[in-house]
Amino acid sequence: MNNEAIEEDETRVSDCAGRVVLIQDCVETSGAFLLHHLMKRKLSRESSEIVVFVAFAHPFYHYDRILKKLGCNLVTLSQKGRFIFFDMRKLDCLDEVGGGRTKSGLVELFHKIHKAAEVIASPETKICITIMIDDLSLVEVAAQGSSSYVIDFLRYCRTLTTEVGCTLILLNHEDIYSNSEESTLNLELEYLADIVMKAKPLATGLAADVHGQLTVLNKRSINEHGKIKKRIQNFQFKVKENSVEYFYSGSRT
Amino acid sequence: MATARSKTTSFSRNLTSAGAVSHIPGIKHGPNGTIFSPPESQTLTVKILGGGFPLGSLVMIMEDAEAPHHLLLLRTFMSQGLVHEQPLLYASPSRDPRAFLGTLPSPVLSKEEKTLKNEQEQTQGESIAVNLICGSPWRGICSVQSLLNALALLILQALLLFVIHVLDFWKRFQDEDKEMSKLLTGYQDMVGLLHVHKVAQINTQVPVILEASTFSIKLQRRRSLVLERLNQAPVDGSSGTSYNTSTSCSGSSKASPLDF
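Chains as they are written, first to last, in the working numbering: chain E, 178 to 430; chain G, 5 to 264.
Simulated from the structure, these hints should not be mistaken for lab results. Heads up, none of these hints are tricks.
Listed next, the in silico DMTMM-like pairs over lysine to aspartate or glutamate satisfying Cα-Cα at most 20 Å (straight line):
| id | chain 1 | residue 1 | chain 2 | residue 2 |
| --- | --- | --- | --- | --- |
| 1 | E | Lys407 | E | Glu367 |
| 2 | G | Lys202 | E | Asp352 |
| 3 | E | Lys415 | G | Glu215 |
Pulled from the structure, derived: some chain E residues nowhere near chain G, Cβ distances all over 10 Å:
| id | residue |
| --- | --- |
| 4 | Ala294 |
| 5 | Thr339 |
| 6 | Gln390 |
Okay, the calculated beta carbon distance ranges per label pair:
| id | chain 1 | residue 1 | chain 2 | residue 2 | range |
| --- | --- | --- | --- | --- | --- |
| 7 | G | Leu223 | E | Ser224 | 54 to 62 Å |
| 8 | G | Ile213 | E | Glu365 | 32 to 40 Å |
| 9 | G | Gly106 | E | Val204 | 32 to 40 Å |
| 10 | E | Val204 | G | Pro101 | 28 to 36 Å |
Ideal placement from N, C-alpha and C gives every residue a C-beta, glycine not left out.
Take these sequences, add in the hints, and give me the full structure.
Shown next as structure tokens:
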């Protein structure tokens, strides 16, 4: 039913090699389930993709437990080399060098990601790589509020999408700024992204059977005539331990 | 043979780490491999927050500048740690933090229990209560982040001796209002309102839908803190209505129904 149709759309979203996918959420509705969903798809048995996961928010065992319920064993996959996990929770980017600040932390992190991507993406083996960053707001915290460093870092990461055909999936929070002037990072991100997914709570408040609504904006969707078009879809969701139910608004009683 | 096989099954439980934790007083296992520190009074965390504070988490109490009732919650959390004989670290910008510690509540005990308790030494505590004042907001977030990482590390390496901070609380005190007193029964006894803003999702992707997010705070005979559910649970379409299920989460005599 609806769920299948939406799943199909989602498949198209997840077949997004070389693209930048941005997930935006808020305190009331976490968008982390989308990250888990995409991770599960990338790591499924049918695909041979490799996921490079840069964790700023949660430790490995958090994702391991969640993905186990979704049918992926991250320990086995990381032993096979299909899942590379960088725990960046203690990253402090800014070092004081002779009174001037350097951004060595983020540069080092980019080199790590670049190196991992280059080793995997040899020209003879056409393996798709997905780079996931689980909380961009914490990258900004690590850079002590310097959003320009974060934007620089993301631009560098974006070059990997063309250089080695990586997919970049980013999670950020929409409601962390008290005024619009400070949200330069979010605006920049929306420009960088090819696909933007926004998770929001229902306007009517908290409900036990609908956890929120999702807006997917695909800037480069190809329609039936083969033309590139912007496409926006809205649906609601209910998150479960081993799956997520998607349905169109009003289709559930 | 049989034991070797049972070890390789995917359902086998890691009993070594579980066993190491189970002997710590005031610690119990929750869903999704989380470990909770349930409070002495079962009111807040067990019935409202669903089990207690998960170890390694961060609880934020957002105060109302005009009312001192956030200290009431802080005292209750701190005393819960003390009751379980877990170490307690209290950091505060105030000049005389000892004065605050002197106001911590003690558990409600019967007369016999009281005499027993008096014979014992003052117990140690468990949690970290920090009153943060930071010059720059980014510095503040960084220090909270480092604290969280330290907590997570201690959970893994120091066998969960530190308390978990769990949630974000947002507390608001409302001035006496005649209209409100008509709407809410027992309004005279209420000292404020508690709003649970966010509940942590640890080791799970399913959001926690609380039965209610707004509670009234009452002090009974100036001794015990009582929380009562104020709003109704969200209606679950699949399981019918949630009306008429309102019970007091504190176990006190009556809930506070809204008269409309």
